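J.: With the hints in hand, could you dock these two chains into one complex?
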Amino acid sequence: MFRDLYITFKEFLRTFGAMQLFFLRLLSNSPSIFVKRFNLVVHQVHNAGALSLVIIMVCGLFVGGVLGLQGHANLSKFNAEDSVGTFAAFSLIKELGPVITALLFAGRAGTALASEIGLMKATDQLAAMEMMAINPLRRVLVPRFLGGVIAMPLLVAVFTVIGLFGAHLVAVSLLGVDAGAFWQQMRSTLEMGDLYEGIVKSIVFGIVASLYAVWEGYNAIPTAEGVGRATTRTVVLTAIAVLILDFMITAVSI
Amino acid sequence: MADTSEQIIEVRDVDYSRGRLEIFKGLNIDIRRGDVTAVMGPSGTGKTTLLRLITRQLVPDRGRILIDGVDIGKLNLKELYRLRRRFGVLFQNGALLTDFSVFENVAFPLREHTKLPNRLIRHVVLTKLHAVGLRGAADMMPQQLSGGMARRVALARAMVMDPDILIYDEPFVGLDPISMGVIVRLVRKMNDALGITSILVSHDVQEIASVADCSYLISNGKVAASGSPTELKNTQSKLVQQFMHGMADGPVAFHFAAPDYEEQLLGRDVEQ
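Chains G and X are the protein sequences, given in the same order. For the first sequence, the numbering used here gives the first residue as 7, with consecutive numbering after it. For the second sequence, the numbering used here gives the first residue as -3, with consecutive numbering after it.
With the rest of the complex left out, here is chain X (with noise of 0.2 Å):
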């Protein structure tokens, strides 16, 4: 194993397309071990795709994607299943059991996997939900929470199998200011104090400078430019510099491809 390497993920000239639709042509992106990386780009260029493409719940139409220097496209399912036990994933949306507390939802995975005793687990469980402020929310329903919150019961979850990697699909879409910046300082918290390798799926840009070693921007399939986050803002592609600092006008057109707009007001486009 090249355990020791410094990669920890690499994605190697993945093409992948949804129908017609061609998501990724080309894409090559390297995961340093025990970094924040954040993969940024505007919506709809499969920042989330990618996610998928990692954890192998998509397969790529072509290319490698290598984890510790093995090729996830040749395991089988049990192997799948091993390696993603490595993984944490916090989905956009949390994605907790709804018929299940807090707690048992932090508790879920260690209960499918190990067999701790109750005591063990609900010390481990405690001490996760701590960590996120939310010890005192053990015994509520997911539907009780906050949008905040939840995302937040969703990372003790993440991380209760003490994952090597862990995931943040767009971890900050509407967060309240306070909750935000809970959440930025435990992504980079846990990700020091614990040694893991975090990857972050965002387009907060600011957020993503504060927390990030190494970026990624993603547009038409391809990666568009990389580096620390200072790097990306003193970059002078066009571009970069548009995504970096919100501009509407630049080479992403804000507007969705669409007829003339006088014509079309005008009626002119039916009548032909």
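Bound-form chain G, shown alone (with noise of 0.2 Å):
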């Protein structure tokens, strides 16, 4: 049995380092892709974000409604539904934001990615580009890393903005919250450490879920099964590294 663990272990130790590998060669070719060939990584933010666009908007027109129907719920207890502004202001903007994004990023855009550069592998298409002497890494799995990081802060704000409107909407059209109240204790308490705290969090959750995506694609055993597998573990490895760093930005950062 130690020696299984031994092996796991060693295991473990020695994708995690290749992963690091992978990240760093990702990383230094980025600038030059992002100058050279923009356009590639344009389209990528296309791809994962304006297609991502509507289970986003969608999703944080609900997690708003939610925080308003909750907040009005609780917070009428000790007579404070007025501050139901501030607190759909902080849950969305330092936690819900980010990490619902992740996850549904992971669930639309991840997958998608995964699978595409996963199926481009066992199609022949990357052993093909680097005989036509295209580096894939370069033509293929930066722009979409880099699109996926470019595009989450993005829908994170989206998300954001979205579920403080659902917010305004239950909390004011429907249960009888004062408008200025809302939107005044929200301005009034929130700071920027609050807004960055956020932004951090998105870039962050945008690295990783980018990362796994193509790293999965990249990596996936060429065969149907093995795309398969490469899919569900992109969202499983997505969700659970954001939660972790989620819990660590946190406690970093209070």
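Since the hints were derived computationally from the structure, they do not count as laboratory data. Predicted model only: the values in this text are computed from it and were never measured. Treat the hints with care, since some could be wrong.
Okay, derived cross-link-like pairs now, DSS-like style, lysine-lysine, Cα gap no bigger than 30 Å in a straight line [unchecked claim]:
{"no.": "1", "chain 1": "X", "residue 1": "70", "chain 2": "X", "residue 2": "21"}
{"no.": "2", "chain 1": "G", "residue 1": "42", "chain 2": "X", "residue 2": "111"}
{"no.": "3", "chain 1": "X", "residue 1": "185", "chain 2": "X", "residue 2": "229"}
{"no.": "4", "chain 1": "X", "residue 1": "229", "chain 2": "X", "residue 2": "218"}
{"no.": "5", "chain 1": "X", "residue 1": "74", "chain 2": "G", "residue 2": "42"}
T.: Following this line, the structure appears as structure tokens:
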């Protein structure tokens, strides 16, 4: 049993190390691709971002609505239902915005990326590129990675704004909280630091989600089953990593 | 540079194994400039592996592979990519980029490697597509093509950068007789018209006989026989005879190693 544990641990370290190296290679190629092949990056921002937009907006609206309901129901016990705006803003900006967006992004864009790259590998498209003296890392992986990294903070912003709108819709329009109190309390309690926390999280999660998607796709076993497994792993690993990192970033910033 | 020498590719004493499975043991192959050279062998002898070694997608365990006298094992990534521009490779399934049209697939290497104006790219791509008879399919997507058409598009793409060496991996598999004939003629025509060197991996003996200048028969990790197709046909070696005439009995066993047939059917091997 100890031997099994030892082997598993060694395998884990090896994968972890390989992933770090892969990440460094992506990073070192990123600036030149960003400058020289900006059109490829823009295309991937559209691919990862615009295609996740609908699901992000729908989910944002309903998450905001639930915050409005829950906030109103629970805060009214303390006669503090006017603070529902603050409550929703803090939850959305610091936690729910980045975390839920990252999870949805992994489900929508991450899986698409992983399976696309995995299938390109399975059908020899990546090998064909290599043989045309085109580095697939630079032509295929880096633009997709950068696209995800850029798209994520934008999606988080959209999610948060729509979420606040949803909270406003429920709390003010339906439950009769005063609109002035809703916005004014939010403005007076929310600080730039809170906003930075959300921004930092969205950037970190963007990197993590895109890295896992690209890595899993690129290292998929080139069979139907292998690509399927890579897509599943993308979602599972991204979810775990995002929640652990969320805890760590929150612990550091409080 | 030994550009004028007769050999363009020299494979010297190459060993290669995948895991514990030994694929090549002391393999030696010479490929003459300007020839169509065929590499044949029973399935599983590592023909595709040989192509991957020559293009350094794989690295041999031992031995050297020289291209124009340069050991490709010693090249760094930049030099390797420069070398690869001299290759055109036709993959078994075409390996077309599925999110681009036929036209963009053929234009892809030009767009990546050159800064040619669009008009010129269009011109070059259309002439290459015309050569494989698919100018009319320029706007189609790879998914709409039949297997034979996809391979012809891939051929147009492989030659769009005017390579010195064209490599075909199993170009005849799964083609109808018409497409097969077209591809066979194309291989020969392009080799002679463009003055390139072609390497063909296949086990279609008849087609190879009609197109190749020289063939190598690989078996058990070594070259079992080599020479022109007629020379091979007249060789007395049992293995060559078996392969060239497609006989089930001979040095190459048709059956994969298995327990005794009768014992297994009667279930005696389980009881023991």
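J.: Take the hints in turn and mark each one as holding or not.
T.: Consistency of the hints with the structure:
A distance of roughly 21 Å separates the Cα atoms of residue 70 of chain X and residue 21 of chain X; the hinted pair therefore holds under the 30 Å criterion. The hinted pair formed by residue 42 of chain G and residue 111 of chain X meets the criterion: a straight-line CA distance of about 13 Å does not exceed 30 Å. Among the hinted pairs, residue 185 of chain X with residue 229 of chain X is consistent with the structure: their alpha-carbon atoms are about 24 Å apart, no more than 30 Å. A C-alpha spacing of about 19 Å is found between residue 229 of chain X and residue 218 of chain X, which places the hinted pair at or below 30 Å, so the restraint holds.
Straight-line distance between C-alpha atoms of residue 74 of chain X and residue 42 of chain G comes to about 18 Å, which keeps the hinted pair within the 30 Å bound.
When each numbered hint is compared with the structure, no violation occurs for any of them.
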